[in-house]
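> Chains A and B, in that order, give the protein sequences.
Residue 80 in full-length UniProt numbering is what sits at position 80 of the first sequence, and the numbering runs on without skipping anything.
Residue 114 in full-length UniProt numbering is what sits at position 114 of the second sequence, and the numbering runs on without skipping anything.
Do not take every clue at face value.
[Claimed, not checked] Derived pair list, reagent style DSS-like, types lysine-lysine, alpha-carbon separation capped at 25 Å: (1) B:47 to B:188; (2) B:23 to A:270; (3) B:59 to A:59; (4) A:155 to B:159; (5) A:225 to B:23.
Just so you know, these hints were derived from the structure itself, not from any lab.
There are 2 protein chains.
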Amino acid sequence: MGKTKNRVHLPVIVHNPYLGGLKEDILYHLSLGTGTHNLPALFGDVKFVCVGGSARRMKEFIEHIAAELGIQDPKSNYPNICAGTDRYAMYKVGPVLSVSHGIGIPSISIMLHELIKLLHHARCTDVTIIRIGTSGGIGLEPGTVVVTKQSVDAKLVPKFEQLILGELVVRDTDLDYGLAEELLRSSKELGQFNTVMGNTMCTLDFYEGQGRLDGAFCLYTEEDKHKYLTKAREAGVCNIEMESAAFAAMCKLSGLRAAVVCTTLVDRLKGDQLNISHDVLHSYQQRPQILVGYYIKKQIKAREAIPK
Amino acid sequence: MGKTKNRVHLPVIVHNPYLGGLKEDILYHLSLGTGTHNLPALFGDVKFVCVGGSARRMKEFIEHIAAELGIQDPKSNYPNICAGTDRYAMYKVGPVLSVSHGIGIPSISIMLHELIKLLHHARCTDVTIIRIGTSGGIGLEPGTVVVTKQSVDAKLVPKFEQLILGELVVRDTDLDYGLAEELLRSSKELGQFNTVMGNTMCTLDFYEGQGRLDGAFCLYTEEDKHKYLTKAREAGVCNIEMESAAFAAMCKLSGLRAAVVCTTLVDRLKGDQLNISHDVLHSYQQRPQILVGYYIKKQIKAREAIPK
Chain A
1 MGKTKNRVHL PVIVHNPYLG GLKEDILYHL SLGTGTHNLP ALFGDVKFVC VGGSARRMKE
61 FIEHIAAELG IQDPKSNYPN ICAGTDRYAM YKVGPVLSVS HGIGIPSISI MLHELIKLLH
121 HARCTDVTII RIGTSGGIGL EPGTVVVTKQ SVDAKLVPKF EQLILGELVV RDTDLDYGLA
181 EELLRSSKEL GQFNTVMGNT MCTLDFYEGQ GRLDGAFCLY TEEDKHKYLT KAREAGVCNI
241 EMESAAFAAM CKLSGLRAAV VCTTLVDRLK GDQLNISHDV LHSYQQRPQI LVGYYIKKQI
301 KAREAIPK
Chain B
1 MGKTKNRVHL PVIVHNPYLG GLKEDILYHL SLGTGTHNLP ALFGDVKFVC VGGSARRMKE
61 FIEHIAAELG IQDPKSNYPN ICAGTDRYAM YKVGPVLSVS HGIGIPSISI MLHELIKLLH
121 HARCTDVTII RIGTSGGIGL EPGTVVVTKQ SVDAKLVPKF EQLILGELVV RDTDLDYGLA
181 EELLRSSKEL GQFNTVMGNT MCTLDFYEGQ GRLDGAFCLY TEEDKHKYLT KAREAGVCNI
241 EMESAAFAAM CKLSGLRAAV VCTTLVDRLK GDQLNISHDV LHSYQQRPQI LVGYYIKKQI
301 KAREAIPK
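Excised from the complex, chain A in its bound form:
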């Protein structure tokens, strides 16, 4: 990575006065720790982190990015760095880290607490983090990719509400707008699929929480559902997923440059069930990987072009 004399390098920030007092910091859910692993040696060169729900998909991504950057090792099967646990999976190639986060805000928040501490302990700088996921679209052709402008909650408010010591704490869900624009531009250059920028609704449930008619419980009508989704669409919501609010809030607090790129698997105005074929589903799921892979490659090439 090129470094210029005058460039300010941005660290990964933790906000915890107690952390420095720990004899060792055990990143329990990642099966890593400062007492057992040399984190600066293992992770100090990380510049891009991609996160997504499924462990299989995040392994697929590391294989894709290795090929994209021309640094794949045909003998390597990209071992899972977090093999000591089955909670999350982590893969690394060059300056790119790929981590799974499971489903929902509580699951991603544990992973992000430990990932942010990991990047901090490893003294990483200038880190860009992108969530590559799946979502339900509103009024979009399935397969359309959405780059999130702003993450809003189920009441369409762009905030992340948390209970801390039983008290309500509200945090901003701003993402890096410049990064979102660069990703949108990259998709245009690629020209392989349609990508739009819009708001993303983040919910705590997939069925009732997103107004689906096919859960075990549905105590509202189809008309209620359509009213709700139409109201969301009118507020600029292009898609619905389950992690962006915590992701945006936590990345902002730690100074990470963050974006959310999700493919849409269904148009929720037309249906709820995911009944497309496995092959089509897989090709839609690959789109955020292809877009982010292209963007990362472009960034690395541009940085290498800066005189050292």
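Put chain B on the given structure of chain A with help from the hints.
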């Protein structure tokens, strides 16, 4: 399973008038469906469902219960019924189903929506469901097992709050008290480890949400943390985990007889980090499996003793 003429068999209830109108019901996150699988043939005999966060632990449980019931097949490696997805894992032996649910309320709620529909489609009756998990204890020796009396939220209220179509819906978190008492009695008979009954706090976050001092962010003091945990303890809270509220609310709605049995890995009044050895941790994690395995075996024997 013995059936008496006069016994009323309790079905698994869905509350969704739209479900009957579906041509097929795709249980997407379980990679199962009514159009692709004969659910009554595959699952119709299920009487006990055990759920827990980790896929590895739920596979361990099915091996344990198979040995306990004397119906293990030395040649079988207990294939994952949900192998088509990496979101959840499911194993079955005899009348016992073992399913993983990931971390947190959003993750368990997707699994439960699809599991409840599965049990309904399979026409299962008289199903008992038990969550076997891990938790942080309050004022308990690590390794103590807690059978949940009532699940309370981070404000110590025994309710589960959800946003449905953007509106707040509040549901009860009652569990089956008779089942909890039977489990406590079973632990006394077993005599292998200490088990208590108490309230369980269910949070949306592991670090700030549970007052930990070792997350990436901690904007409160150690004194604030202790005040909060002491207040919880005074309200009868014995342990803290991240799924019981949704589990209790959803099982109650579907008429499932439900209990939560969690081991405690740390006494939160004394510390936050999970720094016990892997072997001790593993032995603590096995305790809910041992207790629930013993209980299920006893139940099956008692039912077999009823004249047909």
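> The structure should be examined with respect to each hint, and the outcome stated for every one.
Right, here's what the structure says about each hint:
no.: 1; hint: B:47 to B:188; verdict: holds, 24 Å
no.: 2; hint: B:23 to A:270; verdict: holds, 16 Å
no.: 3; hint: B:59 to A:59; verdict: holds, 22 Å
no.: 4; hint: A:155 to B:159; verdict: holds, 20 Å
no.: 5; hint: A:225 to B:23; verdict: holds, 20 Å
Consistency with the previously given hints is maintained throughout, with no hint failing.
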